[in-house]
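J.: Residues per chain are reported as follows:
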Amino acid sequence: MYPAKFDYTRAGSIQEAIQLLQQHGDDAKLLAGGHSLLPMMKLRLARPAMLIDIGRIPDLKNIRTDGDVLVIGALATHTQVAASDDVRRLAPALADAAAKVGDQQVRNRGTVGGNLAHGDPASDLPPVMTALNAELTLVGPNGSRTLKAEDFFIDLFTTALEPDEILTEIRVPAAPHSAYAKLENPASGYAMVGAAVNLTMDGNTISDARVVIGGAVPKPTRASAAESALRSNALNDDTINNASTLAADGIGDWMGDIHASEDYRKEMAKVYTGRALRDIKVAS
Amino acid sequence: MAQAERILGSSIKRREDPRFITGHGQYTDDIQLPGMVYGVFVRSPYAHAKIKNIDTSKAIAVPGVVAVYTGKDMESDGVQPIPTGWLLPGIKLPNRYPLAFGEVNHVGEAVAIVLAEDPYTATDAAELVEVEYERLPAVVSAEQAYNSRTQVHDDIPGNIVFDWDIGDKEKTDAVFANAPKISKLHLTNNRLIPNAIEPRSAIGRYERYTDEATLWVTSQNPHIERLILSAFVLGIPEHKLRVIAPDIGGGFGSKIFIYPDEAAVLWASKKSGLPVKWTATRSESYKTDSHGRDHSTEVELALDDSGKILGLRIKTLANLGAYLTLFGPVTPTYLHGTVVSGVYDIPAIYCNVIGVCTNTICVDAYRGAGRPEATYLVERIIDHAANDLNMDPVEFRRKNFIAPDKFPFQTQVAVIYDSGDYDKALKRALEMLDYEGFQREQVEARQQGRYLGIGFSTYIEMCGLAPSEVVGALGAQAGLWESGIVRVHPSGKVTILTGSQQQGQGHETTFAQIVADGLGVPIEDIDVVHGDTGRIPYGWGTYGSRSAAVGGSAIARSVQKLQDKIKKIAAHLLEASPEDIVYEDGKAYVRGAPNSFKTFGEIALQAYLAHNIPDDLEPGLEETTFYDPSNFTFPFGTHIAIVEVHPDTGKIEVKRYVAVDDFGNVINPMIVDGQVHGGIAQGIGQALYENAVYDENGQLLSGTMMDYAVPKATYVPNYEVDRTVTPAPHNPLGVKGAGEAGTIASPPAIVNAVIDALKPLGVQQLDMPLTAEKVWKAIHQTQPAQGTNGH
Numbered sequence: 003m004y005p006a007k008f009d010y011t012r013a014g015s016i017q018e019a020i021q022l023l024q025q026h027g028d029d030a031k032l033l034a035g036g037h038s039l040l041p042m043m044k045l046r047l048a049r050p051a052m053l054i055d056i057g058r059i060p061d062l063k064n065i066r067t068d069g070d071v072l073v074i075g076a077l078a079t080h081t082q083v084a085a086s087d088d089v090r091r092l093a094p095a096l097a098d099a100a101a102k103v104g105d106q107q108v109r110n111r112g113t114v115g116g117n118l119a120h121g122d123p124a125s126d127l128p129p130v131m132t133a134l135n136a137e138l139t140l141v142g143p144n145g146s147r148t149l150k151a152e153d154f155f156i157d158l159f160t161t162a163l164e165p166d167e168i169l170t171e172i173r174v175p176a177a178p179h180s181a182y183a184k185l186e187n188p189a190s191g192y193a194m195v196g197a198a199v200n201l202t203m204d205g206n207t208i209s210d211a212r213v214v215i216g217g218a219v220p221k222p223t224r225a226s227a228a229e230s231a232l233r234s235n236a237l238n239d240d241t242i243n244n245a246s247t248l249a250a251d252g253i254g255d256w257m258g259d260i261h262a263s264e265d266y267r268k269e270m271a272k273v274y275t276g277r278a279l280r281d282i283k284v285a286s
Numbered sequence: 003m004a005q006a007e008r009i010l011g012s013s014i015k016r017r018e019d020p021r022f023i024t025g026h027g028q029y030t031d032d033i034q035l036p037g038m039v040y041g042v043f044v045r046s047p048y049a050h051a052k053i054k055n056i057d058t059s060k061a062i063a064v065p066g067v068v069a070v071y072t073g074k075d076m077e078s079d080g081v082q083p084i085p086t087g088w089l090l091p092g093i094k095l096p097n098r099y100p101l102a103f104g105e106v107n108h109v110g111e112a113v114a115i116v117l118a119e120d121p122y123t124a125t126d127a128a129e130l131v132e133v134e135y136e137r138l139p140a141v142v143s144a145e146q147a148y149n150s151r152t153q154v155h156d157d158i159p160g161n162i163v164f165d166w167d168i169g170d171k172e173k174t175d176a177v178f179a180n181a182p183k184i185s186k187l188h189l190t191n192n193r194l195i196p197n198a199i200e201p202r203s204a205i206g207r208y209e210r211y212t213d214e215a216t217l218w219v220t221s222q223n224p225h226i227e228r229l230i231l232s233a234f235v236l237g238i239p240e241h242k243l244r245v246i247a248p249d250i251g252g253g254f255g256s257k258i259f260i261y262p263d264e265a266a267v268l269w270a271s272k273k274s275g276l277p278v279k280w281t282a283t284r285s286e287s288y289k290t291d292s293h294g295r296d297h298s299t300e301v302e303l304a305l306d307d308s309g310k311i312l313g314l315r316i317k318t319l320a321n322l323g324a325y326l327t328l329f330g331p332v333t334p335t336y337l338h339g340t341v342v343s344g345v346y347d348i349p350a351i352y353c354n355v356i357g358v359c360t361n362t363i364c365v366d367a368y369r370g371a372g373r374p375e376a377t378y379l380v381e382r383i384i385d386h387a388a389n390d391l392n393m394d395p396v397e398f399r400r401k402n403f404i405a406p407d408k409f410p411f412q413t414q415v416a417v418i419y420d421s422g423d424y425d426k427a428l429k430r431a432l433e434m435l436d437y438e439g440f441q442r443e444q445v446e447a448r449q450q451g452r453y454l455g456i457g458f459s460t461y462i463e464m465c466g467l468a469p470s471e472v473v474g475a476l477g478a479q480a481g482l483w484e485s486g487i488v489r490v491h492p493s494g495k496v497t498i499l500t501g502s503q504q505q506g507q508g509h510e511t512t513f514a515q516i517v518a519d520g521l522g523v524p525i526e527d528i529d530v531v532h533g534d535t536g537r538i539p540y541g542w543g544t545y546g547s548r549s550a551a552v553g554g555s556a557i558a559r560s561v562q563k564l565q566d567k568i569k570k571i572a573a574h575l576l577e578a579s580p581e582d583i584v585y586e587d588g589k590a591y592v593r594g595a596p597n598s599f600k601t602f603g604e605i606a607l608q609a610y611l612a613h614n615i616p617d618d619l620e621p622g623l624e625e626t627t628f629y630d631p632s633n634f635t636f637p638f639g640t641h642i643a644i645v646e647v648h649p650d651t652g653k654i655e656v657k658r659y660v661a662v663d664d665f666g667n668v669i670n671p672m673i674v675d676g677q678v679h680g681g682i683a684q685g686i687g688q689a690l691y692e693n694a695v696y697d698e699n700g701q702l703l704s705g706t707m708m709d710y711a712v713p714k715a716t717y718v719p720n721y722e723v724d725r726t727v728t729p730a731p732h733n734p735l736g737v738k739g740a741g742e743a744g745t746i747a748s749p750p751a752i753v754n755a756v757i758d759a760l761k762p763l764g765v766q767q768l769d770m771p772l773t774a775e776k777v778w779k780a781i782h783q784t785q786p787a788q789g790t791n792g793h
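Quick note, the sequences are listed as chains A and C, same order.
Each residue of the first sequence is one higher than the one before, counting from 3 in this note's numbering.
Each residue of the second sequence is one higher than the one before, counting from 3 in this note's numbering.
Calculated from the structure, these hints are not laboratory results.
Hints are supplied without guarantee of correctness; some may be wrong.
Residues on chain A that point at chain C, a partial pick, calculated with CB under 7 Å [claimed, not checked]:
| no. | residue |
| --- | --- |
| 1 | A189 |
| 2 | W256 |
| 3 | G258 |
| 4 | I260 |
| 5 | A262 |
Some chain A residues close to chain C (C-beta under 8 Å, calculated; not the full set) [said to hold, decoys possible]:
| no. | residue |
| --- | --- |
| 6 | M43 |
| 7 | L47 |
| 8 | R49 |
| 9 | M52 |
| 10 | L185 |
Here chain A is said to cover these stretches of chain C; the calculated rule only asks that three of the stretch's residues, wherever they fall, bring their Cβ under 8 Å from a Cβ of chain A [to be verified]:
| no. | region |
| --- | --- |
| 11 | 395-406 |
| 12 | 767-776 |
Only a predicted model underlies this, so the values are computations on that prediction, with no experimental measurement involved.
All C-beta atoms in this analysis are idealised placements derived from N, C-alpha and C, irrespective of residue type, glycine included.
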């Protein structure tokens, strides 16, 4: 497990990191928690010539609220997210998912921004951020732009992040009726299927619903049929059963491997959507 | 004065643990030698290919690279292939060279070694070695090897390396021809990857001016390593080679074998004149450590109408991988076929094992080695037959147990069980479990649509590998006795030198307990030395749960000899006859006169001063034993698993696990409990999670820990463990061996429980590992999917 040769530099600010990215071009990779990048480097699947460590840039580690919006710095660790009262209150799906990433050591080092920027289809946070309709702030040489999570994830390990851009912040609109459930790979702990749900409630009636499947598909994918089946209905067993049965409808590109076939994952998308929906607590 | 608790049989804490748990173990990779260089291997990316050419010029040009050697370099130096340690009649032996030069036969086979000043440079340079391969079709599974015309080795037709059998074919066939009932199963025993926490590692150091070589290596048996590397492979005189196995972080069998990389490292040191270190990466371990199991078996049980077993017939295809390693041939044959009678009185048995080679890494002994495979097929067919007969699996077992008054019991497959009381362990396990309570619970659960199941495994195993004469007659190219020196120093401190080799078993504790008990010496005054051919007597190492029964017995014998000598010296000093001397708690006195005594320390000093010892006694206080037992040992027991299968996902929850084992006498109950716990976890791993998967080209798909599921702490239940004690009749300690029982017993207990849980659905057989998907499919083949039903 010896990575190929690389240089290392530490950026003191976002601007400096962007300059370094521009200077080193395709040879450079940003290093935050390192828990996706370093294993790939050790297997020599990734061979960046320059690592730009953004891990100590001030303020990117914070989790705060802006009114009803949760603002998560890209360098916040999974442990921070899982332990945050604000996250638990405003976006329980995110707290659930962060608590289920990897193991304790991974959660202590791994960052939310790094996780999202890696674009791993088996990762827990991408479907959750998509279900929560999160907005990602990307800063580049020409300033910053924002993208909805849904537009950020493009394909397997491919995101909308430009080579000279840095993901700095994730803004999550309040989603108190959200949950995440996953079927984990018994070896890696990654999601073979992850189901993230986010309901907007009007009393006991679901006024809007976002249901997103991860793990089993190349990028977080909305289960539109299930969403429709939830909208305008009361949150009860019938609605949940009905919607979860539809959770795989209209989704085309299921992935399979030695751990679980496409068919099984498709069926489990239904089961875990049901589980996530049952986990949603609505104050009566 | 209250009687102090006897140290033999007490759960004292492991003396080696403080250094291990504080990170102060000294493993091979921790050793640094002046001027040492690092070896990295160039390994085949193909499962089967001819090596057309190797160009090392770019690699050698990298700054920091010291040398690059290929298989041809070794061949021209006269290096010989690595031999197997066990021969069977008609066996075909493919040549396995430390570095391949003509052909590669599995992904990961080494073709060159790069030496450089640091491992990074060596890894970079290894990528620059250009190997031109001509790819050949690969043979991957045992069935494919047996049925296909594609050959792994040109000189092994049909890929069959041996066709072995045991038992009476004619008699068994006749029984089956007339049997009222026959139960039948096809079983796969899944291929496993060992996963010792410490990867294999080796350091070779050759000293040109003394012609002495030292190999530090992750070995379970340093003397075998020395014998094979010196006398067979490298031609270094045996007395010029010292093999040191320092602390070893787990082996499970995988560190028994003599690996090509270890030979290459030592040879490269001689060739380069520099000390060379190599440590496997985890990916390298997955590709190059010998794997375990990989059997495909047809098993049939002939029964009469009352449920009495009449006969057992087995046909197994064993995948041995690309080459035959040290115990490769014996694992699926004598370590497997001789235990297929289980704990049952079976009048006719025939077991045929065909060993085939494939383009996969070698398969050899892995915790249990043959006995888990045998126990799995026996305990599965027993449950299956009970189901066929509509009999309770407990009742069916009891009906067929070997009765306690039948010992010694000659099985139909060569071995003689010396002792056993199988119902005793079963009874205790049922009590602990509350079988009747469970049966009520199961009925209720089934009414609620829940799938609760119970699985039994009333196993026997054969361990304490030895006696030498017997294993020699069966084809072993080794003796399997063990050595034990107990050396008392003039100051009364004691060193034990043992041929056993710990990889985590706790020998530094248990062996010291034997001596502390026998000599009445505080355990703090006793040290255990193992793992260094320069310090210990010749020994055969640790595997097959043999260390307590064979290695411990050697030490116990030496203690007895010391007691005799102590008594002689004490008798001389006390002017009495040795027969009248009592030696206890470190004091020798004349029977009836305990107040006038000589202490152990006084006697030890006198033994070395020799100023006043009997004329016919040699000075010194040290005894050596080479102990060769008269039989194997036969631990047995009952393991019971209770599982719940969740039908919506197919996930299996192990709710309870009860284990009652009979290991004979126990030296340290805590350590034995730990062995049982770890063994069960490993067996649960095989039953539910672990699977080495190759694709059709012989690429290992489960090639990292991201894809090979070793059970985590949350995947295993709390263990409810107890023991019955039937001492082994033939060794001085009455011990049997406990290292493998958990791994042997647990897979069928788990699988039987899952099959029982799914009984209402008519599921009769599922192959390990019982992944959630496999179970889910079995459920939903018989019942429409109900994707949205609750947990």
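J.: All the hints need checking, so say for each whether the structure fits it.
T.: Outcome of the hint check:
Hint status for A/A189: holds, given a least beta-carbon distance of 4 Å to chain C, under 7 Å. The interface hint given for A/W256 is violated, since its Cβ lies 13 Å from the closest Cβ of chain C, which is over the 7 Å cut-off. The restraint placing A/G258 at the interface with chain C is violated, with a minimum CB-CB distance near 10 Å, outside the 7 Å limit. For the restraint placing A/I260 at the interface with chain C, the shortest Cβ-Cβ distance is roughly 5 Å, inside the 7 Å limit, so the hint holds.
For the restraint placing A/A262 at the interface with chain C, the shortest Cβ-Cβ distance is roughly 5 Å, inside the 7 Å limit, so the hint holds. Below 8 Å, beta-carbon pairs count as interface contacts, and A/M43 has none with chain C, the closest being about 12 Å; its hint is therefore violated. Proximity of A/L47 to chain C is violated relative to the hint, the smallest CB-CB distance being about 11 Å (cut-off 8 Å). Using the Cβ-Cβ criterion of 8 Å, the hint placing A/R49 at the interface with chain C is not satisfied: the shortest such distance is roughly 10 Å.
The restraint placing A/M52 at the interface with chain C is violated, with a minimum CB-CB distance near 17 Å, outside the 8 Å limit. Proximity of A/L185 to chain C holds as hinted, the smallest CB-CB distance being about 7 Å (cut-off 8 Å). Counting residues of the region 395-406 of chain C whose CB lies closer than 8 Å to any CB of chain A gives 0, which falls below the minimum of 3, so the coverage claim is violated. Proximity of the region 767-776 of chain C to chain A, defined as three or more residues with a beta carbon under 8 Å from a beta carbon of that chain, is established by the 3 residues found.
Figure legend: structure checked against the earlier numbered hints; hints not met, in rising order: 2, 3, 6, 7, 8, 9, 11.
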